[in-house]
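These protein sequence lines map, in sequence, to chains G and C. Quick note, the first sequence lines up with residues 308 to 751 if you use this note's numbering. Quick note, the second sequence lines up with residues 744 to 976 if you use this note's numbering.
Hints are computed from structural coordinates only; laboratory data are not their basis. One thing to keep in mind: the hints can contain errors.
Stretch-level coverage of chain G by chain C, calculated; a stretch enters the list once three of its residues show a Cβ under 8 angstroms from a Cβ in chain C [said to hold, decoys possible]:
1) 384-394
2) 423-434
3) 446-453
Only some residues are given here: those of chain C computed to face chain G with a beta carbon under 10 angstroms [stated by the list, open to error]:
4) Leu759
5) Gly761
6) Leu783
7) Ala786
8) Val790
9) Val810
10) Phe817
11) Gly923
12) Tyr937
13) Ala952
14) Ala953
15) Val961
16) Ala965
Just so it is clear, CB atoms sit at the ideal spot from N, CA and C, and this is done for glycine as well.
Okay, here's what each chain looks like letter by letter:
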Amino acid sequence: METGFPFVILIGPVIAAIATLFTRRWRRVTIVVGLAFVGLLALLLALAAPGTGLFPDNIAAVLGREIVMTAFVRSLLLLVYAALGVWFLVVWVRPAGRVLAPTALAVLAPLAAALMASPAGLGSVFLVTAAAVVVPALHGGKFDAVVPAWRYFLLIGLASAPILLTTSGALATPAVIWLFPLLATLLLLGSFPFHIWVNGLNRYLSPVVAALVLGVVQFAVVAFLLGLLDSVPAARATVEFQTAARWSAALTALVGAFQMARATEQRGLVAGAVLLDMGFLPLVTLSPGTDGLLIALPALIGRFLSLLLIALGTGGAGVEPNPTRAGRMATRLRPALLVYGCLSLLGLPLTPGFAARWAQLSAAGQGGSVWPPLLLVIALAIGTAAVASKIVGGRAARLAVEPAGSGIAGFETGMMIFLAVLAGLLGLFPDLLTGMVARMLGLG
Amino acid sequence: MDAPTIFDLLDRLAFLRGAPSVVLLLAAAFVAVVAWDLRLVIAAVFVHYLLAGFLFVDVLDPRLAFVYTLAGLFVTAILLVTAWQVNWGRRPSGLAADEASRLGLADTRPLGPFSVTQPGLLRLGFATAVFGAVLWLTRAPGLFASTVPIEPAYLEPAIAGLLALGLVGLVTSAEPLPSGVGLLLFLSGFGLFYGFLDQSLAMTVALVAAQLIVALVVAYLAQARYLPVDVLD
């Protein structure tokens, strides 16, 4: 039965984005409005449980094509909304531009459309739309960010071609059946040799924006990609695809590790750590069906949390210390959160990033060659040494971001403690994250 | 007098359909990639969209092909306004040498009556090589034999030429405008190819929308690259 409910999930975020555009002069009002809209959308989605909820059988039709909200898409969108809610709270204490809140809300619409569109090929155009929506946030008014932001968009735009060819099955002769799925994977995930935008962008990107684009947005992008690869199991199973994905992962992680080793400032170090973490993502494409999702989603949640910790852990440079008790506590917590966030990006034990890292390393080790897993371990070692010497040892110039402003030191400290405790729990009990994802998505 | 329909227009311009369209289309795409003056580039993009429309008639319903051409005109209009706002690709007037260097504006060097840049020469070389390869393809068709029917044999070099010239354009420049023109040419060629796989209204509209989105992003970033406030203040 057509209920038209998917249209609410597509149009709702656009209305929210327009509303926050009108209030963008008042940053905190914008955040409250954004939080309210995200809460409302999450509530509507919670009421739309398939079969039993307020809006059963969530199907809509447009131009002769169906938009279907499956139980998985609904759960994934709930996860995205929850992540966005936490992200808004961090933006409260770490402002990063006026267009950020409208962008974060607007991008929800094309992402939801990409996940719900049928056939999947249509989703590639919605991914291009999502990339276009985040471009102003990536640019952030910085001249040097223009080229990396353009490269990011360019590669997502180019990815639409292999995605469409994969879904159509065209040119899929046995000799090159793996080619288009592989190209789509590497282009969408920003893996070697299509990683050219990652480092450049992360050097100019606030960790808050990175948490949005490389965290929240990636939930939908990776879910879309895994769905695409599930539609071509023969291509994914080929030796060529598996070998190329493993080598691309290893080389991306190595490039990230060397960038961390060469970094002279914390910004470059964080950029390298993000690239290193992105290097592990192609490995999730090696596992079919729910197995891939059970590695990918904890990995992305770990990355999202890590970037939020880094966002809260920065801001000390050039900012007058807040004289209140909460302010002093925030000042003391910052360096610890920064180090913990970076180590979590590397996926070391006792950090939330570890939940998926072991599974990713295992996936890398299942190929015929010993080199990709070995190179990945070497990359992790180089990255850990870089964090130890450059942040803990104080050899890298500190990150300077816009100060949080006076009067919210208590809230800032509260957020820091909340995220640190959450990350610590997930680090201590990695199965918690995997189990939670499995239950939430109905996969376990 | 009644206004001519799409089919009347196609009848009147029948002499352009087929191989002549392909030759002119590839020539326009070549100019769009190698020209250094944005006025020439925009004119070439405009001609390319008009001629691509003729080829889309062989692939899609003529009304959908017309929608594609119309969208191309909008894309051209967006690029035209952008190119005008960025002073047709010339460096901003009154810019000091150190500011120009900071903005990464390539120095030109004289080559006979022209002044050229290093990336410009690179583009010219690659585009010429691609043009030669496409000419060779016309002698030995069958590259897309599994998808493109043999009968309109002229479509194969058009698709291959647009894809390859588009890739040359987007690989040889990091700047949003020239690289964006390359992406638009690539998407044109891909749309032509994909038309044989899926002729549905939804997919045609989606691909047209993708081109418009690309044009808007190019416009936004090209203006951000020109006279950036954070560098010059």
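Hints and how they fare:
1. Closer than 8 angstroms: that is the beta-carbon criterion, and the segment 384-394 of chain G has 0 residues meeting it against chain C, so the requirement of 3 is violated.
2. Counting residues of the segment 423-434 of chain G whose C-beta lies closer than 8 angstroms to any C-beta of chain C gives 3; at least three are required, and the coverage claim holds.
3. Under a criterion of three residues with beta carbons nearer than 8 angstroms to beta carbons of chain C, the stated coverage of the segment 446-453 of chain G is upheld, 5 such residues being counted.
4. This hint is violated: C/Leu759 has a C-beta 28 angstroms from the nearest C-beta of chain G, more than the 10 angstroms allowed.
5. For C/Gly761, the interface hint is violated, the least distance from its beta-carbon to any beta-carbon of chain G being 24 angstroms, above 10 angstroms.
6. With a cut of 10 angstroms, the hint placing C/Leu783 at the interface with chain G is violated, because the nearest CB-to-CB distance is about 22 angstroms.
7. At its closest, the beta carbon of C/Ala786 sits 23 angstroms from a beta carbon of chain G; the interface hint therefore is violated under the 10 angstroms criterion.
8. Nearest Cβ of chain G to the Cβ of C/Val790: about 23 angstroms, over the 10 angstroms cut. The hint is violated.
9. Because the closest C-beta pair between C/Val810 and chain G is about 12 angstroms apart, greater than 10 angstroms, the hint is violated.
10. For C/Phe817, the interface hint is violated, since its Cβ never comes within 10 angstroms of a Cβ in chain G; the closest pair sits about 16 angstroms apart.
11. At its closest, the beta carbon of C/Gly923 sits 8 angstroms from a beta carbon of chain G; the interface hint therefore holds under the 10 angstroms criterion.
12. Satisfaction of the interface hint for C/Tyr937 is found here, the shortest Cβ-Cβ separation to chain G being roughly 6 angstroms, below the 10 angstroms cut-off.
13. With a cut of 10 angstroms, the hint placing C/Ala952 at the interface with chain G holds, because the nearest CB-to-CB distance is about 6 angstroms.
14. The beta carbon of C/Ala953 comes within 5 angstroms of a beta carbon in chain G, closer than 10 angstroms, and the hint placing it at the interface holds.
15. The beta carbon of C/Val961 is positioned within 10 angstroms of a beta carbon in chain G (closest approach about 8 angstroms), and the interface hint is therefore held.
16. Taking 10 angstroms as the C-beta cut-off, the interface hint given for C/Ala965 holds, the closest approach to chain G being about 9 angstroms.
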